[in-house]
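Colleague: Between the sequences and the hints, there should be enough to build the whole structure, so can you do that?
There are 2 protein chains.
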Amino acid sequence: MSQPVEFYFDFSSPYGYLAATRISQVAGKYGRGVEWKPILLGAVFKVTGSGPLPSLPLKGPYSKRDMERSARFLGVPFKLPDPFPVSTQAPARAIYWLEQTKPERIEACVLALYRAYFVDGRNISSPDVTADMLASLGLDRSNALAAIAEPAIKERLRSVTDNAIERGVFGSPYIFVDGEPFWGSDRLDQVERWLRSGGF
Amino acid sequence: MSQPVEFYFDFSSPYGYLAATRISQVAGKYGRGVEWKPILLGAVFKVTGSGPLPSLPLKGPYSKRDMERSARFLGVPFKLPDPFPVSTQAPARAIYWLEQTKPERIEACVLALYRAYFVDGRNISSPDVTADMLASLGLDRSNALAAIAEPAIKERLRSVTDNAIERGVFGSPYIFVDGEPFWGSDRLDQVERWLRSGGF
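Same order as they appear, the protein sequences are chains A and B. Using this note's numbering, read the first sequence as starting at -13 and increasing by one per residue. Using this note's numbering, read the second sequence as starting at -13 and increasing by one per residue.
One or more of the hints may lead you astray.
Copies of the same chain look alike in the list, so a pair counts if it works inside one copy or between any two.
[Said to hold, decoys possible] BS3-like cross-link-like pairs, simulated, lysine-lysine; straight-line CA separation at most 27 Å: (1) K140 x K65; (2) K88 x K15; (3) K140 x K88.
Hint data in this document are derived by calculation from the structure and do not stem from the laboratory.
Modeller: This is how it looks when you write it as structure tokens:
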């Protein structure tokens, strides 16, 4: 099997959520897996000088409308949560815990955490809420909570985020196909053609 | 015939160029015309605090790659010009001159000016180069040059740009379909569905 598609995302990113619902299917059509890489956009914004979409003049109000419309366009359930955005250390660390323990459960957990936030409005920034979600998928709640507070897991999230910035990642979702970078849920059509043709 | 699709763009915007090559066909399928509205993104960036894509950390290098790849994806000829970006008062004012004199020539002139810059690398920020382009399409060169320097035409460009900012326009291309805003050449699929369905 060829190199997996690398999928960088923040759990508080609506476009990350939209793309997450489709990336496995797109990659799978071409015999590829997905490497799920949650990062913290807050650290990225310190480098780019940007900020969360709702905070940006003119772009903020448009973005809210565009998120909702893009979800309808793709037929994906979506409700802008409140609070939005939130810090996403807890769910991101949970994924790096699974990376070390049950990597085969990562995708289901990513999608469940995203749905919890962007469909059910649950505040996944809370370690307890994140642990509840994992428990509802049959994972061990107290081990999850311990992992979220564990220095090695914290360090793993920090180093993946730092490495993402070094590779030029400035938003979410940010996808690499054999080293070629694609930013945004609206690049999935180009991602697909790249996978099919090996470049264009 | 229903209300035309409003197409706001800056002549120095690669994604504006890409969308300009397709918007008439998309609108025409649903019996709509296109209202071409060149604006000055520089004035917009003063409000948003943003800047031209190549100047942005991390986003700059990605954007150059994405512009070229998006052009190949769409099958549109494209070569990133040097200098880039340029100020676009001259070509924008030329379009508002045509608005008053030969509106039926606007579309051909927009596309010719865009091609001159993004395919042939001609510096359309120069009034002489813009006037040459219009002359090559059979328009009067000296009248074009005079119009580019005319206070009423300058004021028209300023007022369309100000009005665009009031309407929330923060980038190029920025398209309104019956009041619904769409930002970016990658929203043409949503524009098309909106035209077909009257919303979704």
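Colleague: At most 27 Å between alpha carbons: which applies to K140 and K65, within, between, both or neither?
Modeller: neither (29 Å within a copy, 44 Å between copies)
Colleague: How would you label the pair K140, K88 (within, between, both, or neither) given a Cα cut-off of 27 Å?
Modeller: within (18 Å within a copy, 64 Å between copies)
Colleague: Is the C-alpha distance from K88 to K15 at most 27 Å within one copy, between copies, in both cases, or in neither?
Modeller: within (24 Å within a copy, 51 Å between copies)
Of the numbered hints stated above, the single one contradicted by the structure is hint 1.
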